[in-house]
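**Student:** Take the sequences, apply the hints, and build the full model.
Residues per chain, in single letters:
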Amino acid sequence: MAADLSIDLAGVRLRSPVVTASGCFASGREVSEFIDLKKLGAVVVKSMTLEPWPGKRTPRMTETPSGMLNAIGLQNHGVEHFLQVDLPWLNRMGVPVIASIAGNTVQEYIYVAEALQGAPGVIALEINISCPNLEDRNNMFAHDPKATAMVVSAVRRAVELPLFPKLSPNVTNIVEIAGAALDSGAQGLSLVNTVMGMAIDIHTGMPKLAGVLGGLSGPAIRPIALRCVFDVHRAFPHVPIIGMGGIMNHEDALEFVLGGATAVAIGTANFIDPHATIKTIEGIERYMVEKGVSNLASIRGRVKVEG
Amino acid sequence: MAADLSIDLAGVRLRSPVVTASGCFASGREVSEFIDLKKLGAVVVKSMTLEPWPGKRTPRMTETPSGMLNAIGLQNHGVEHFLQVDLPWLNRMGVPVIASIAGNTVQEYIYVAEALQGAPGVIALEINISCPNLEDRNNMFAHDPKATAMVVSAVRRAVELPLFPKLSPNVTNIVEIAGAALDSGAQGLSLVNTVMGMAIDIHTGMPKLAGVLGGLSGPAIRPIALRCVFDVHRAFPHVPIIGMGGIMNHEDALEFVLGGATAVAIGTANFIDPHATIKTIEGIERYMVEKGVSNLASIRGRVKVEG
Amino acid sequence: MIQQVAQILSYKKLRDEYHILTIVAPEIAELSKPGQFINIRPAVDRQFILRRPFSIYKVNRRGEWAATIEVVFDIRGGGTAALAGLRAHDTIDVMGPIGRPFAIPKTRNNCLLVGGGIGAAPLFYLAEELRSAGKRVDVLWGAASANKLLNPIDAKRFGAQAVFTTEDGSEGIEGRVTDVLPDLIAKCGSRVIYACGPNGMLQAVTKIAQKHRIPVQVAMEELMGCGYGICMTCVQPVWDRNREHVVHARTCVDGPVFNGARIAWDAFPPERPAPTAPVGN
Amino acid sequence: MIQQVAQILSYKKLRDEYHILTIVAPEIAELSKPGQFINIRPAVDRQFILRRPFSIYKVNRRGEWAATIEVVFDIRGGGTAALAGLRAHDTIDVMGPIGRPFAIPKTRNNCLLVGGGIGAAPLFYLAEELRSAGKRVDVLWGAASANKLLNPIDAKRFGAQAVFTTEDGSEGIEGRVTDVLPDLIAKCGSRVIYACGPNGMLQAVTKIAQKHRIPVQVAMEELMGCGYGICMTCVQPVWDRNREHVVHARTCVDGPVFNGARIAWDAFPPERPAPTAPVGN
Ligand SMILES: Cc1cc2nc3c(=O)[nH]c(=O)nc-3n(C[C@H](O)[C@H](O)[C@H](O)COP(=O)(O)OP(=O)(O)OC[C@H]3O[C@@H](n4cnc5c(N)ncnc54)[C@H](O)[C@@H]3O)c2cc1C
Ligand SMILES: Cc1cc2nc3c(=O)[nH]c(=O)nc-3n(C[C@H](O)[C@H](O)[C@H](O)COP(=O)(O)OP(=O)(O)OC[C@H]3O[C@@H](n4cnc5c(N)ncnc54)[C@H](O)[C@@H]3O)c2cc1C
Ligand SMILES: Cc1cc2nc3c(=O)[nH]c(=O)nc-3n(C[C@H](O)[C@H](O)[C@H](O)COP(=O)(O)O)c2cc1C
Ligand SMILES: Cc1cc2nc3c(=O)[nH]c(=O)nc-3n(C[C@H](O)[C@H](O)[C@H](O)COP(=O)(O)O)c2cc1C
Ligand code: FES
Ligand code: FES
Numbered sequence: 001m002a003a004d005l006s007i008d009l010a011g012v013r014l015r016s017p018v019v020t021a022s023g024c025f026a027s028g029r030e031v032s033e034f035i036d037l038k039k040l041g042a043v044v045v046k047s048m049t050l051e052p053w054p055g056k057r058t059p060r061m062t063e064t065p066s067g068m069l070n071a072i073g074l075q076n077h078g079v080e081h082f083l084q085v086d087l088p089w090l091n092r093m094g095v096p097v098i099a100s101i102a103g104n105t106v107q108e109y110i111y112v113a114e115a116l117q118g119a120p121g122v123i124a125l126e127i128n129i130s131c132p133n134l135e136d137r138n139n140m141f142a143h144d145p146k147a148t149a150m151v152v153s154a155v156r157r158a159v160e161l162p163l164f165p166k167l168s169p170n171v172t173n174i175v176e177i178a179g180a181a182l183d184s185g186a187q188g189l190s191l192v193n194t195v196m197g198m199a200i201d202i203h204t205g206m207p208k209l210a211g212v213l214g215g216l217s218g219p220a221i222r223p224i225a226l227r228c229v230f231d232v233h234r235a236f237p238h239v240p241i242i243g244m245g246g247i248m249n250h251e252d253a254l255e256f257v258l259g260g261a262t263a264v265a266i267g268t269a270n271f272i273d274p275h276a277t278i279k280t281i282e283g284i285e286r287y288m289v290e291k292g293v294s295n296l297a298s299i300r301g302r303v304k305v306e307g
Numbered sequence: 001m002a003a004d005l006s007i008d009l010a011g012v013r014l015r016s017p018v019v020t021a022s023g024c025f026a027s028g029r030e031v032s033e034f035i036d037l038k039k040l041g042a043v044v045v046k047s048m049t050l051e052p053w054p055g056k057r058t059p060r061m062t063e064t065p066s067g068m069l070n071a072i073g074l075q076n077h078g079v080e081h082f083l084q085v086d087l088p089w090l091n092r093m094g095v096p097v098i099a100s101i102a103g104n105t106v107q108e109y110i111y112v113a114e115a116l117q118g119a120p121g122v123i124a125l126e127i128n129i130s131c132p133n134l135e136d137r138n139n140m141f142a143h144d145p146k147a148t149a150m151v152v153s154a155v156r157r158a159v160e161l162p163l164f165p166k167l168s169p170n171v172t173n174i175v176e177i178a179g180a181a182l183d184s185g186a187q188g189l190s191l192v193n194t195v196m197g198m199a200i201d202i203h204t205g206m207p208k209l210a211g212v213l214g215g216l217s218g219p220a221i222r223p224i225a226l227r228c229v230f231d232v233h234r235a236f237p238h239v240p241i242i243g244m245g246g247i248m249n250h251e252d253a254l255e256f257v258l259g260g261a262t263a264v265a266i267g268t269a270n271f272i273d274p275h276a277t278i279k280t281i282e283g284i285e286r287y288m289v290e291k292g293v294s295n296l297a298s299i300r301g302r303v304k305v306e307g
Numbered sequence: 001m002i003q004q005v006a007q008i009l010s011y012k013k014l015r016d017e018y019h020i021l022t023i024v025a026p027e028i029a030e031l032s033k034p035g036q037f038i039n040i041r042p043a044v045d046r047q048f049i050l051r052r053p054f055s056i057y058k059v060n061r062r063g064e065w066a067a068t069i070e071v072v073f074d075i076r077g078g079g080t081a082a083l084a085g086l087r088a089h090d091t092i093d094v095m096g097p098i099g100r101p102f103a104i105p106k107t108r109n110n111c112l113l114v115g116g117g118i119g120a121a122p123l124f125y126l127a128e129e130l131r132s133a134g135k136r137v138d139v140l141w142g143a144a145s146a147n148k149l150l151n152p153i154d155a156k157r158f159g160a161q162a163v164f165t166t167e168d169g170s171e172g173i174e175g176r177v178t179d180v181l182p183d184l185i186a187k188c189g190s191r192v193i194y195a196c197g198p199n200g201m202l203q204a205v206t207k208i209a210q211k212h213r214i215p216v217q218v219a220m221e222e223l224m225g226c227g228y229g230i231c232m233t234c235v236q237p238v239w240d241r242n243r244e245h246v247v248h249a250r251t252c253v254d255g256p257v258f259n260g261a262r263i264a265w266d267a268f269p270p271e272r273p274a275p276t277a278p279v280g281n
Numbered sequence: 001m002i003q004q005v006a007q008i009l010s011y012k013k014l015r016d017e018y019h020i021l022t023i024v025a026p027e028i029a030e031l032s033k034p035g036q037f038i039n040i041r042p043a044v045d046r047q048f049i050l051r052r053p054f055s056i057y058k059v060n061r062r063g064e065w066a067a068t069i070e071v072v073f074d075i076r077g078g079g080t081a082a083l084a085g086l087r088a089h090d091t092i093d094v095m096g097p098i099g100r101p102f103a104i105p106k107t108r109n110n111c112l113l114v115g116g117g118i119g120a121a122p123l124f125y126l127a128e129e130l131r132s133a134g135k136r137v138d139v140l141w142g143a144a145s146a147n148k149l150l151n152p153i154d155a156k157r158f159g160a161q162a163v164f165t166t167e168d169g170s171e172g173i174e175g176r177v178t179d180v181l182p183d184l185i186a187k188c189g190s191r192v193i194y195a196c197g198p199n200g201m202l203q204a205v206t207k208i209a210q211k212h213r214i215p216v217q218v219a220m221e222e223l224m225g226c227g228y229g230i231c232m233t234c235v236q237p238v239w240d241r242n243r244e245h246v247v248h249a250r251t252c253v254d255g256p257v258f259n260g261a262r263i264a265w266d267a268f269p270p271e272r273p274a275p276t277a278p279v280g281n
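Protein chains in written order, with our numbering: chain U, 1 to 307; chain G, 1 to 307; chain S, 1 to 281; chain D, 1 to 281.
There may be inaccurate statements among the hints.
[Said to hold, decoys possible] Short, incomplete list of chain G residues facing chain S, as computed with Cβ under 10 Å: (1) Ser22; (2) Asn128; (3) Met248; (4) Gly283.
Bear in mind the hints are in silico, worked out from the structure with no lab data behind them.
For glycine and all other residues, C-beta sits at the position ideal for the given N, C-alpha and C.
**Tutor:** Laid out in structure tokens, this is it:
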């Protein structure tokens, strides 16, 4: 029996359930030396802002047990550069694009979104709300249901594209934030962004990141990310979810699908192995054939729990 | 130069800065086959409830990258058994005891605390508020500043002992919860409890824990726990903190001290090596001698960051 | 109980199926009794952090240059894979001996040992002790197929009767141990049964033993966080003395050997667990 | 750039101080140029998950049975420790060759190579290429002490002038490379400088080169998440073309070799960083 890897993501049919995690794939050029981007469900590009952002000082990264902390500071060339340079290239590659947008004010999100409206090959916007809100004492948008609703509904009004707000796991009640995002017009959700962490060099007394605090990613956070996906899926069973966090291979990816993810995103694994996405797709296909699973939708969220 | 390892914890002088993490040392009997408990700052015993609790079904544990998930369900023999059996034994061992108390209602916390008031050798209470609150739709006490305040102030009124509420990292703003606990009369804080997570067996479709969700501990969570300690210490520089989360050796322990911990607790590491606490103490002493640190208080929170 | 860094005396394969490590650990060997286990840290610096428990398969108190313990295992994941990579002179961190051993009967003589697959491991050490105590030992090994039967050659050596069952009939009788157990009990005049293997098998063996009114000791397995009694992850549901309530006993130190009649077999987890309050812990 | 699982041809130690791995990687060897590096995954299943970057130390395009690359390293932590445990026939996952190589000057002839400690690694490969291009190569190695000087024997072989400085005076001139650099430039009539080593040294060397109005190429190091351009962790502050703004260039693919004059040396992190908004990322 042949396995159909295609999935429906908020009305868009994707060739495969595997996409890239924003900021862990740049715009795909470097990785395309190793893999055929067309095999991916979509490329989720590095979050873009209105103007180019320089990002933070170095050190921007440090390793921790089974993970890494990063504090890049959203270095990116800005939405114009994306439209002029990266998007045309991605279109030539023939892979659907999910544009991740970021900003420090609601207005900035709106400007970036408007610039992307109608851009060829952009099938959805991922809204990276794990950004400090300059208008509210630098609180993360993602940490407050109201701020989340503000950004999402503003972008909703500005564009027609399907919206996937990307939620932070650093919250008491991710279901509440998810609800706020969905009530504000989101078609789906991306879960999750990095977990806030820190590391210190005990010999120099210096923080290991110039930004002091950073985002934890990699296998270490997989159980945390999976729990977020599970909780949100049980609360909103019909909402498409792009699940991510520590997915290194097809087995990890399938854990997320059984937990409630519609699609999975691969982030840190790309740093270790440029073929990680493709190997994951191939592994999922093998699993489906072995288990006689004709399409992923049929096992989504099917972890055996009561109710 | 000799290093003085003793510390002041909310007015009590402890022989060493290393204590045990509740639930990761039972009451010390098993570990005493391997180490001299007197060398520890204190033994923090498994959380106790009013009545004996049977705990959850098995499987109660599963390994994850650089960590483990547990869902024990606070299996314990109840406060009476502790007073009759465990405490007298611990007193004979000559080690100070921090009693961890838990419950599902504010009243239950009060009963357990009252039973412990004046118990010999009990130098403080750790209040495990990572428990479902039966009176509020099973929400964790630790996830809500009001519920946290309710428990802490109630226990405050009930007993004279120094109180160390143990906070959960699964919150949006741990500083806010810490503030609520301190305003309610806590002398110090224990940071942190486990991070909520989940794992699924993709071959059976079963959750890997009978409780489905569990608490993540071990090296994987160290950067997260350290960030919590750092944030709370910067907000409340004069409050003693027992820091924990993934501490496996003296280097990890010193990261927490530089980040703001007064004392450190060793949990999961005891499962791997019954000598983990002692080795950590010896390593801290070596470090102090090498660096010419006369007492730990002098480097507490001294990570080199602005302000 | 002892913790020590011990040296590997030898590694060998058994029938291309199982792996045997002989570990130089005089004190542990000295103290150990059949049914106990050791808890090994296969490696440091790996993504898995915990120890791995293994039954004591054989003990050689007069080893070439020091007393040794043997463990036999099959490769399940990272830990056993790391152990299978060890060679003579490598060292590993070992804790043991751990847990309640099998009880050697004073009066009863005919002992029947029932083992499922690799689960038969502790029964080899037990058989030796029983025989040196002058008991009659009969053996019933079951497995999915011939290659999964644990060391039948030795089993035939010490078994007055040595019966094998395989589910695919590739060796011995086609079927499961429980199919032949009743007849074998009668035939051997068994007065006590020792069993180790999958839970399902242990439960079935217990039922049969109870029908025959003979005591049965079962060696249980459960996921272990610490392996020495401090974490409460490894519990079994057992009846309290007056058989009123089911309580949780630690497999590592209150077991791994239990009286089969004390296990509350029906209290094991449901097919679909309900999400319960996550931490606590 | 290529990713492949490559076999170790040999492991050897250099002066009890450094470790040398010779790796069979024909295609990578074929493509590689001096100044480029390879990114190695020392092991799987470890608590550390990322690759480790190493300069290409030597290339042998006519290896005994296939073209090989050599890397030389000292043990800093888990990754290099794992690499030092590799032996002939072991395999590792390698990506390379990566990054902007050193530029070989068309007209200028006298090339001065300045290396600090292990940082001298890529300069050995460079020296070979320069000399086969008919250039004069002079060498200035500095280190804390004699044993930390990288392979001075070879350095003397290919250096018209080969000068060594050690901070403790245990070999060569007591002091730092920058103490002798000005004189050496004059003495050798150096027209271009290639430098690799600690940031502080590279900055000082750049200043001196600029005073002498000769171009300097520096090979920089920075923590690398991916080593092939997708994660933005490895950036260096560099001046944009019209020297108006400092922009962040990736060390892995926009470097590791930079024109020393383009690095914004004063833009490096402050002693006490301020906690800034954590994620984003
Ligand atoms: C008392 C006792 C005695 C045992 N004796 C033997 C023996 O003699 N020979 C043998 O081959 N195996 C034995 N086992 C099972 C053995 O411990 C596991 O096969 C081993 O831990 C698997 O580790 P892994 O990393 O290779 O597999 P993984 O599946 O990667 O292990 C993942 C986690 O699950 C745990 N685990 C997996 N299987 C089991 C199991 N069956 N029981 C307990 N924990 C498990 C591991 O310890 C680890 O924590 C025994 C188990 C117990 C509890
Ligand atoms: C372009 C480049 C070329 C290099 N060439 C060499 C070489 O030829 N010989 C050599 O001995 N070393 C070289 N290094 C440094 C080498 O990469 C580190 O020594 C190594 O990564 C340390 O890994 P570890 O696990 O042993 O140490 P750990 O300290 O445990 O490593 C922890 C983390 O820090 C990173 N790290 C540590 N030191 C460095 C460093 N100096 N530069 C970049 N990342 C670092 C590691 O990659 C890892 O991610 C080079 C680095 C770069 C960037
Ligand atoms: C270096 C790095 C940069 C990242 N940049 C972004 C980003 O720009 N926007 C975003 O939404 N997430 C970003 N992330 C988060 C990832 O998209 C992903 O949510 C997270 O890393 C968890 O997945 P993983 O464990 O597979 O990496 C970044 C992560 C890393 C490690
Ligand atoms: C098996 C297990 C049982 C635990 N039981 C308790 C408990 O009863 N009360 C409590 O406050 N914390 C409990 N904890 C949490 C630990 O005390 C500690 O906060 C956490 O494990 C992080 O530290 P570690 O990474 O060093 O283990 C338990 C943790 C584990 C792993
Ligand atoms: S494994 Fe920890 S108590 Fe048994
Ligand atoms: S290391 Fe990832 S961009 Fe350079």
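**Student:** Take the hints in turn and mark each one as holding or not.
**Tutor:** Going down the list of hints, with the structure as the test:
1. Ser22: Given a least distance of 9 Å, the restraint on Ser22 (chain G) holds.
2. Asn128: Where the cut-off is 10 Å and the nearest Cβ of chain S is about 7 Å from Asn128 (chain G), the hint holds.
3. Met248: This interface hint holds because 8 Å falls under the 10 Å limit.
4. Gly283: 16 Å, violated
Comparing the model with each numbered hint stated earlier shows that hint 4 is the single one that does not hold.
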